[in-house]
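Q: Residue-level listing of the chains:
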Amino acid sequence: MTVTTRALSGALAAVVGADRIHEDEAGLATAAIDGVTPRWLAAPATPEQVAQLLALAHEERLAVVPRGSGTALEQGGPPRRLDLVLDLRRLQAVVEHNPDDLTISVQAGMTAGTLAARLAPHRQTLPLDPPGWSTRTLGGIAATQASGPLRMRYGTMRDLLLGVRFVQADGVLTWGGARVVKSVTGYDVPKLMVGALGTLGVLVELTLRLHPVADVESSSLVMFRSAAAAQEMVALLLDSAVQPSRLEILNDRTLTACGLPVAAAALAVSIATVEPAVRAQEAALTTLVARVGGRLEPLGGSFWHLYDRTLAAAGGVTLRIGTVPSRLAVTLAETRNAFGDAAVSGCAGLGALRARVDASDATALAGGIERLRGVVADGDGGVVIERGPRALRTAIDPWGPVPAPALTVMRAIKHAFDPTGVLNPGRFVDGL
Amino acid sequence: MTADRVDALDAPATLTAIRSCVHCGICLPQCPTYRVLGEEMDSPRGRVYLMRAVAEQRLDVTDGFRRHLDLCLGCRACETACPAGVPFGALLETSRAEIERRGRPVRERLLAALIYAVFPHPRRLRALLGAARVYRGSGLSALVRRTGLLRPFSRLAAMEQLLPELPADIALPELVPARGRSRGRVALLTGCVQRYVYPDVNRDTARLLALAGWEVVVPRDQGCCGALELHGGRLDALRRRARALGSVLPADVDWVVTNAAGCGSAMREYGHWTSDDGATRVASRTRDVSELLADSELPLEPLPLTVTYHDPCHLAHGQKVRAAPRALLAKIPGLTVVPLADSELCCGSAGVYNILEPEMAERLLTQKIDRIVATGARTVVTGNPGCLLHIAGGARRRGLDLEVIHPVTLLARAVRWEAS
Amino acid sequence: MALSGTVLTELARILGADGVFTSREARLTYEADMHTLYKGEPDAVVLPRSTEQVRDVVRLCRRERIPIVPRGSGTGLIGGAMAPRGGVMVSMTRMTEMLEIDLANRSATVQPGVINLWLTDAVRDRGYFFAPDPSSQMVSSIGGNVSTNAGGPHCLKYGITTNHVLGLEFVTGAGDVLRVGGKAADRPGYDLPGAMVGAEGTFGLVTAVTVRLLHLPEAVKTALAAFASVVDASEAVSAIIAAGIVPAALEMLDEAMVGAINAAVGKVYPDGAGAVLLIELDGPRAEVEAQGERIAAICRQRQALFVTVARDELERALLWKGRKEAAGAIGRIASAYLLQDAVVPRSKLPQIMKEMIALGRRYNVVIANVFHAGDGNLHPMICYDDRNADEFARAQEANEALLRACIALGGSVTGEHGVGMDKAKNLPLQYADADLNFMYRLRRVFDPDGLMNPAKLLPSHPACGEGFRPTRPTLPDGAWV
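Protein chains in written order, with numbering that gives the first Met the number 0: chain A, 0 to 431; chain B, 0 to 419; chain C, 0 to 480.
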């Protein structure tokens, strides 16, 4: 049975309350994605409301896009259709927290900063720090598989998400995973939801694994005359018993952006544990630095905030480059060749890099991305546009190639759970 | 008869032992045939499961059952690994007895008959080896090998390949007095193959024991220890040999010493198969020569050599003797011992296995020699004649410069004989 | 269901005559894994050596609608590697090559038949190891570890198998060869490796795994603390966590278990010890030393009867000896027991222990515990005399009640053993219909014809699980619990 737009508005309002539905131009403009304006913007307060909204959307063949803080919307393809944007920021509740368990269950609209504040008195943390993390929602971080320097030690959301409650395309509230740190009961559904951009379900609740805050943290900057020397240092560190919690590589542009002394390349290393072990590992670090011929300087405690702010700063195109530690130098060099001027940084210990390029000519950038993809493909890696203008993301596939058999399976998964294309159509890999 | 109690798979004691297997699989990676073939039926866990099926009448004594058990080396590496203490060796022997009782195809029986007619009978073995000497010397063996005449008869060919250069006989006196103050009296088992193929090992064993302070008795009429018959499931024959040995070896010795791992292993287990006094006495007093020598003072000179040590299955797994031979080697000044990877993994000799199952024996031998070569040592030391023959043969066929010797041979080289 | 001559001929063509077994002996020996009460004979057993052979077998079986049951070393505890509906069992035990070891990028790629410990052995001299260390690691295969998402005593600190899988090569139930994930970071698309690890052979067969290797820690330190009660010990655990220490391993033995060990092995633990904590730290030496001191102090503050810290490798082995003797010790005082693998939130440990004592009384059975106190993974052993049918029935009821109690406290049905045949019927305790339905649909994506490892992991029917009655699993000393 078809319902008129007016009737639909009424139905949506009945779910969340009239004051939580926006149909006015101004309101809708704030919810636009890639210049596409939705017909409605809804701000549900509970998972049940999300479920009801989706059930309605499914019934009426509406296209729905979930959003959190809205700071990571410039990724993927432009929306193929867009009827309803779900603003999930009202889903803020703590569902369950027992500090003894080192787990917490929270609703997906909570920001990582709010969570950090809540955990701080217990000296616990969710060690997940993508650029601008404190204002990003946990659901958004999960849906975009965003990560930061702490992944060196703690992994990403993939490793920290234990259980997830989500709403399927047809509005069914579903649970996957467990509330405890160790569970192999059934399939690992949370893994499927991380980085899925909401295309398999709208995340409403997350059970997360926490870690204790270390006694002492100490950071150093090591500067090198070449990227090759930095790579050598990384190799030595990886082959040692030193356990850094962060191991970031910074090229000259990134150093400048952070207001640090210029060098061809640098490593920012943090070590966090009990004091005697911090001292011992710093000494080990110093010895290794001397072997490679770098220059070491201590970094103050505020460095990582500065770094985060620098990386999160608006403007430009950000690329996620996946490579391996043994190809750091060549990747840095090829990034320069591809774009001339790029600020590169990222987790050197895992080969997870980020390049920031000024947003100029989309076609030229597309060419550069293509070229860089060719280079990192040698190491079996890829380049994804993490943030960029729509023109660029239509000039070139923002995700990069996925081998055909795997893509077939991904399509089949999408088709199994969202055959009518309710959830975020057109934005994910292959336009799924 | 009490003997029947352990000779049948469905005897209560046997069933209990079989059921003590909890199917955990820890034995699998230790089993040489499983390592080569990768399938469950040729693993200890699978073999015990088949034994259980036969005992519980889910399975007949089929060709398949026979085949999978025939492929078993009886190396007992599985016993070493098993956390539940399943006595695999004894179960294997009982199974083989069961198989013998049900009968084998004629062809298999003929070869077995030949082996059992010769190997455990020292005089017949000597005659065969003497004939083999002639065969060698006459150039007939070279002809046979060149023309590949025996190739279709793989098992005969295997036997032929094994024939070593036969040394001259070395007669041992019936009594070798101890040097210096006597610690006690031991009887030396001269073995069957050892006696004729490695008489120098027997001689060195006696000399070294005497040097270490033991009075050594070498009874002239001693027969075979019965190991081959035991591993072949001929349990009544084994019992006869055990009783015979028990009566030939003097009762007043502290230890019965062997230098052949296969013999020592069988002798230590006489008590499982018979309650005869003489036999059980032998069982409780059996020791490997390395155990006695590791525990003694010997005048040794430096021997600057690099060697590696291979654990014979029946010493390491069958008798749980691993430390003593290594301690013995460690005594020799200037000797470098390089550890052998998978040292406890069977070389493929396993009694007469290399005659009965030449393909599997060859595959295991190849692996063993590869590991020996990887150590860089030019000398491999091991305390069992079967292993010595098998590994030496393999090395020779590969054209390798590898010395394959018994620990007592090496030790004898290092002794300052005139000082004693 | 017998296989037709055509199918057998085709299998022999794909694998070679020595790669296919249909003898009675083969079908018997492959009818069960370690959980021998779940028996199901396959119609044929095949042992492939390459991905292409695996792919061709799956395609053939798909065409002929023959069930496929993957198998590794056959050491699972959940009846996962047996063939309840016959079909072709695919044993991966001949695919034992280590294809690549890339220490510079801390990764290795291996075939699924490689035994877990062999990988660590291959890289240990260079200072690396493969972290997932299930107690079966000397025999379980990496393919099996991936299929069940295996844990181990050190997963408290290091995570489970999925946290160490970078990529997979996989033949799906549809007969397609997939290569997903890889060494390089951050791949676009759905996390297929993440979804496939732990699928217990219901999606297809693993034909190669790329894993993460870690650098060996500089130092290891082991401590043992005895307490008057599990409540005291649990409080110590909480205090250790609150002090910001995440040990590499944290095991607890309860009063019944302590008594059994003392009786079986001789006084390993002091009299009056109601619970024993075994704590292991690893990491930079200075960190391990400092945290070791702190842990000893915390235990003493929490009324430990007895705290000892190992000074060398020998003492460390002695401390672990009692823990490793646990299963064997129980085997001496009871002829049989049912083994659980449930998980509760760590903070609920004292509560579940009280519940367990109450259940033991209510059903009149002895329940002894060894568990991973660090992550709340319980291994209760519910003892019974296997000649006493009534006692067995009571043990089963206690087992079910205990499982329900764990789930009610927010736990999970299985922490590390997996679901297999044994726990499929329990999934509805933890998951609603919608959740299970999601999993059924996911399974169909990979296995459209429902041929892959049937009757495993998901309840096949609301009334499933009948027909297989567990009677007596017993575990030897040193077996994994």
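Keep in mind that the hints were calculated from the coordinates and are not lab data.
Since we're looking at a predicted model, the values are computed, not measured.
Be careful, since some hints might not be right.
To be verified - Straight-line C-alpha distance at most 25 Å; calculated DSS-like pairs for lysine-lysine:
no.: 1; chain 1: B; residue 1: K319; chain 2: B; residue 2: K330
no.: 2; chain 1: C; residue 1: K156; chain 2: C; residue 2: K266
no.: 3; chain 1: C; residue 1: K320; chain 2: B; residue 2: K319
no.: 4; chain 1: C; residue 1: K156; chain 2: C; residue 2: K320
no.: 5; chain 1: B; residue 1: K319; chain 2: C; residue 2: K323
no.: 6; chain 1: C; residue 1: K323; chain 2: C; residue 2: K266
Stated by the list, open to error - Where chain C lies over chain A, by a calculated footprint (3+ residues, C-beta under 8 Å):
no.: 7; stretch: 36 to 45
no.: 8; stretch: 49 to 61
no.: 9; stretch: 85 to 91
For every residue, glycine included, the Cβ atom is placed at its ideal position computed from N, Cα and C.
Q: Now, for every hint given, state plainly whether the structure supports it.
A: Structure-based check of each hint:
no.	hint	verdict
1	B:K319 with B:K330	holds, 20 Å
2	C:K156 with C:K266	violated, 31 Å
3	C:K320 with B:K319	holds, 21 Å
4	C:K156 with C:K320	holds, 22 Å
5	B:K319 with C:K323	holds, 22 Å
6	C:K323 with C:K266	holds, 15 Å
7	36 to 45	violated (count 0)
8	49 to 61	violated (count 0)
9	85 to 91	violated (count 0)
Checked against the numbered hints above, the structure breaks hints 2, 7, 8, 9 and satisfies the rest.
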